[in-house]
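Colleague: In order, the protein sequence lines correspond to chains A and B. Going by UniProt numbering, the first residue of the first sequence is number 1, and it counts up by one from there. Going by UniProt numbering, the first residue of the second sequence is number 1, and it counts up by one from there.
One thing to keep in mind: the hints can contain errors.
Treat identical chains as interchangeable: a pair holds within one or across any two.
[Unchecked claim] Cross-link-like lysine-lysine pairs, in silico, BS3-like; alpha carbons within 25 Å at most: (1) 115 / 82; (2) 92 / 252; (3) 115 / 92; (4) 136 / 10; (5) 354 / 136; (6) 62 / 354; (7) 136 / 360; (8) 403 / 376; (9) 328 / 62.
Think of the hints as simulated: they come from the structure by calculation, not from any bench.
2 protein chains.
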Amino acid sequence: MAKAAQTAIKPTRSEDYPEWYQQVIKAADLAENSPVRGCMVIKPWGYSLWENMQRALDDMFKATGHSNAYFPLLIPMSYLEKEAEHVEGFAKECAVVTHHRLEPDPNGGLRPAGKLEEPLIIRPTSETIIGATYAKWVQSYRDLPILINQWANVMRWEMRTRMFLRTAEFLWQEGHTVHATSQEAIEETERMVNVYADFAENWMAMPVIIGSKTPAERFPGAIETLSIEAMMQDRKALQAGTSHFLGQNFSKAQEIVFQAENGEREFAWTTSWGVSTRLVGALIMTHSDDDGFVLPPRLAPTQIVILPIYRDQSQRAEVIEYVESLRKELSEQTYAGSSVRIEIDDRDMRGGEKKWYHVKRGVPIRVEVGPKDIEKNAVFVGRRDQAKSFGISRSEFVTSIDKILTEMQQSLFDRALELREKNTVEITNEKDFRDFFTPKNEDQPEVHGGFANCFFSSEEQLDSLLKELKVTIRCIPRDADEQTGTCFLTGEKTTQKAIFAKAY
Amino acid sequence: MAKAAQTAIKPTRSEDYPEWYQQVIKAADLAENSPVRGCMVIKPWGYSLWENMQRALDDMFKATGHSNAYFPLLIPMSYLEKEAEHVEGFAKECAVVTHHRLEPDPNGGLRPAGKLEEPLIIRPTSETIIGATYAKWVQSYRDLPILINQWANVMRWEMRTRMFLRTAEFLWQEGHTVHATSQEAIEETERMVNVYADFAENWMAMPVIIGSKTPAERFPGAIETLSIEAMMQDRKALQAGTSHFLGQNFSKAQEIVFQAENGEREFAWTTSWGVSTRLVGALIMTHSDDDGFVLPPRLAPTQIVILPIYRDQSQRAEVIEYVESLRKELSEQTYAGSSVRIEIDDRDMRGGEKKWYHVKRGVPIRVEVGPKDIEKNAVFVGRRDQAKSFGISRSEFVTSIDKILTEMQQSLFDRALELREKNTVEITNEKDFRDFFTPKNEDQPEVHGGFANCFFSSEEQLDSLLKELKVTIRCIPRDADEQTGTCFLTGEKTTQKAIFAKAY
Ligand SMILES: [Zn+2]
Ligand SMILES: [Zn+2]
Chain A
1 MAKAAQTAIK PTRSEDYPEW YQQVIKAADL AENSPVRGCM VIKPWGYSLW ENMQRALDDM
61 FKATGHSNAY FPLLIPMSYL EKEAEHVEGF AKECAVVTHH RLEPDPNGGL RPAGKLEEPL
121 IIRPTSETII GATYAKWVQS YRDLPILINQ WANVMRWEMR TRMFLRTAEF LWQEGHTVHA
181 TSQEAIEETE RMVNVYADFA ENWMAMPVII GSKTPAERFP GAIETLSIEA MMQDRKALQA
241 GTSHFLGQNF SKAQEIVFQA ENGEREFAWT TSWGVSTRLV GALIMTHSDD DGFVLPPRLA
301 PTQIVILPIY RDQSQRAEVI EYVESLRKEL SEQTYAGSSV RIEIDDRDMR GGEKKWYHVK
361 RGVPIRVEVG PKDIEKNAVF VGRRDQAKSF GISRSEFVTS IDKILTEMQQ SLFDRALELR
421 EKNTVEITNE KDFRDFFTPK NEDQPEVHGG FANCFFSSEE QLDSLLKELK VTIRCIPRDA
481 DEQTGTCFLT GEKTTQKAIF AKAY
Chain B
1 MAKAAQTAIK PTRSEDYPEW YQQVIKAADL AENSPVRGCM VIKPWGYSLW ENMQRALDDM
61 FKATGHSNAY FPLLIPMSYL EKEAEHVEGF AKECAVVTHH RLEPDPNGGL RPAGKLEEPL
121 IIRPTSETII GATYAKWVQS YRDLPILINQ WANVMRWEMR TRMFLRTAEF LWQEGHTVHA
181 TSQEAIEETE RMVNVYADFA ENWMAMPVII GSKTPAERFP GAIETLSIEA MMQDRKALQA
241 GTSHFLGQNF SKAQEIVFQA ENGEREFAWT TSWGVSTRLV GALIMTHSDD DGFVLPPRLA
301 PTQIVILPIY RDQSQRAEVI EYVESLRKEL SEQTYAGSSV RIEIDDRDMR GGEKKWYHVK
361 RGVPIRVEVG PKDIEKNAVF VGRRDQAKSF GISRSEFVTS IDKILTEMQQ SLFDRALELR
421 EKNTVEITNE KDFRDFFTPK NEDQPEVHGG FANCFFSSEE QLDSLLKELK VTIRCIPRDA
481 DEQTGTCFLT GEKTTQKAIF AKAY
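Chain A with its partners taken away, still in its complex shape (with noise of 0.2 Å):
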């Protein structure tokens, strides 16, 4: 029998995803869960990637006309009274502050004192918190467009958790904006997903299909949902981002009105949009693999770690000078508009573990050094996408570095996108599509499935289907042509098509 190839990361992939997912997260030193039910913390490389991420949407947002604002964390509960469908979606699972203080306890210990007259619960999501104060500050058409984004922590008690994917308390931001007119507020209900689009594909490289929700899919309290669907190395979907049309649902359970140019008065349009730390979650799934977490190059927080190999102190002396004048000068090269960002790993760690070290964090370029190395004036690269390593002369890999990163980022991209493509299919009949949502080995999944394009007829007709297979209804594509075909469940006659797949 072959012996299987040595892999950093145990399990790999095919043999059991959802565990490779988590012991990728930790041997990238990413995250861990916390001593509190459902929340995690957030490691210095894992949290430095989300700044990474932050910044980049940040310049986005502000870009497109948003201001950053900051409203409470926590909200009256008879805020949530007020939007019947939103308290659906919402408020079910959520905590609940009810006291205000701590007091002794008769068995040395501590409880609960001061009981709030009104509860409070920790935000979800802050639509109505938000509203009540747009409310007080929109009174005429000249105080709109509200455009402003909020980056906060929220909170939803979730009963089963994964790191980065679905998390009791996570980090987000929340774009929440007021219009004068439907038709901007639909305007700006694209520009946002179309924001996130351009930040998945050209920061994370990332694939997405933008597309909108179907009502049982959409935001509680919404008239359109927008999302960014993302497939998974497990092909299963990724909701990464959505951006959503609130009508004027909102502004009347908060009575957000102002004084048209016409002298009437209107109720306002309203959208709110957000991504959050699941997009960690989604750069682990979409590029990583059975060796670590993969970076693109774009959000890596160290784009290349300069190892510098040597037997003593003498040589020491020698390489350390070399890699410090090889940083400077790298350091001057820009990458995207950026400088290139440089660690020298001078840690005392055998060189084997301390190159699979950064091999497991995802860091895109190692770049060792010695003493042979520096007589010949070269350097000896390893690229975190491709398996083996190669001599370059110092000044080559100095002047074509933009070139070598910006060729990485594409591949990951391209990559990505060949696995979608490969794996999303057209369905015709419900044989087919049983077939292939549905694993060949039930007790232990294998990967299976994708992203399967079906004509529908009706939303309601498919539930029980989709329950059984635990499918749901992605998005309708934004781009898709307007076509007619057949229900693959029924055979009628429908202009409704969707992407199907399991998701996370």
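Using the hints provided, position chain B with the ligands relative to the given structure of chain A.
Modeller: Positioned in the frame of chain A, the structure of chain B with the ligands alone reads:
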């Protein structure tokens, strides 16, 4: 009787300082009270100032070797039971989460359901939850030091709140570090209070005194608390940042234990340090005047606002073209290492109203440009720190912008330092102490007092006098020479000397 000068803010500082503070916040559009008790909404102009503060501080933290990470919002109640002194200081007034669900109540409203087995509290500060995590991370001296910072929201159930200065929820950063030796931890504590002083003086233009807190004023559980103290314009002190040497108190409570190089198991040495949105309150009270907010140029979201002036559309085209080219030219200038931040305000609004809008918001430089200025290739400049405006040639203005902003930043600092020096006294007896801290009009206290440098022999002996006068010991200044004097209260010989003041 001479007519009082018109001011944009009513009341003035001398008429009613606390109310003036609220009115400046309102006029500058910085924040407002939210519908949630004790919590504020930070509006875009106020938040962009906080973003600039964050960016500068974050760069300083990273330059001193720290990384950011994120820890849970909620802390199990049992964690607070471990460190007795800390609970005493923080657990008393905090938001307690007792349920994780809302369910319909019989009256058509909602009510808490799903009672938690163990109550959770919203972090008032994170020593306990972060310490519990560090206990898992630290095994050996090789794992040390841990140098981590967190940007987060925290909550303390304050009874009397005031925007930015004391709110139930506030934004802050909290550094939490772990070291192998006492010496290293003490150095870290000092390093970070120096970073805060550097930021306060060189970014906020706010002179501060670095000192150590007396035992009664220390952070609950700390061995030593260092702080920076600033004098506000009403001569009260404001503690603007603190850095705590926690010794082994927290590591013992949370079992942060490591194997030392000699093989022995030892408790680690920890520190914590933080500044908050309180700094915005400090900034307002340090520089603002009776016309509103005054921003130090280095932190101003907009450093220059250009106000185009024209009578009709044909003039408008010419003026707008001119100011756009002026903006471009100015944005190529740098000030304090960054591009100059410029805004053109072409809103349809009366000229006077528009000018005062920016005065009240504290924009450092206003530039008016109309057809006559364009003819002369000149601009009309108003500096926020001076009453008079002046004409200047365009080219001279552009080339001197760095010089002007630098001068403004310095002049704000100098003015604040002068105020502090003028209102700092040496006091050697009780009568002078009482006089200094007693307003002439008790019903509506005038601005009075300041910083009193006094020898004292025992904090306990002073307790009732300080309570009576509402005075506190601010700090024992770090740079004070070792001196001997007599206690202002008892006449006893002593070497202890501190700054006494009323404080926020
Ligand atoms: Zn709703
Ligand atoms: Zn304590």
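Colleague: Against each hint, give a clear statement of whether it holds in the structure.
Modeller: A quick look at each hint next to the structure:
no. : hint      : verdict
1   : 115 / 82  : both (23 Å within a copy, 24 Å between copies)
2   : 92 / 252  : within (22 Å within a copy, 40 Å between copies)
3   : 115 / 92  : both (21 Å within a copy, 13 Å between copies)
4   : 136 / 10  : between (56 Å within a copy, 23 Å between copies)
5   : 354 / 136 : between (57 Å within a copy, 22 Å between copies)
6   : 62 / 354  : between (40 Å within a copy, 23 Å between copies)
7   : 136 / 360 : between (51 Å within a copy, 21 Å between copies)
8   : 403 / 376 : within (23 Å within a copy, 49 Å between copies)
9   : 328 / 62  : between (32 Å within a copy, 19 Å between copies)
Checked against the numbered hints above, the structure violates none of them.
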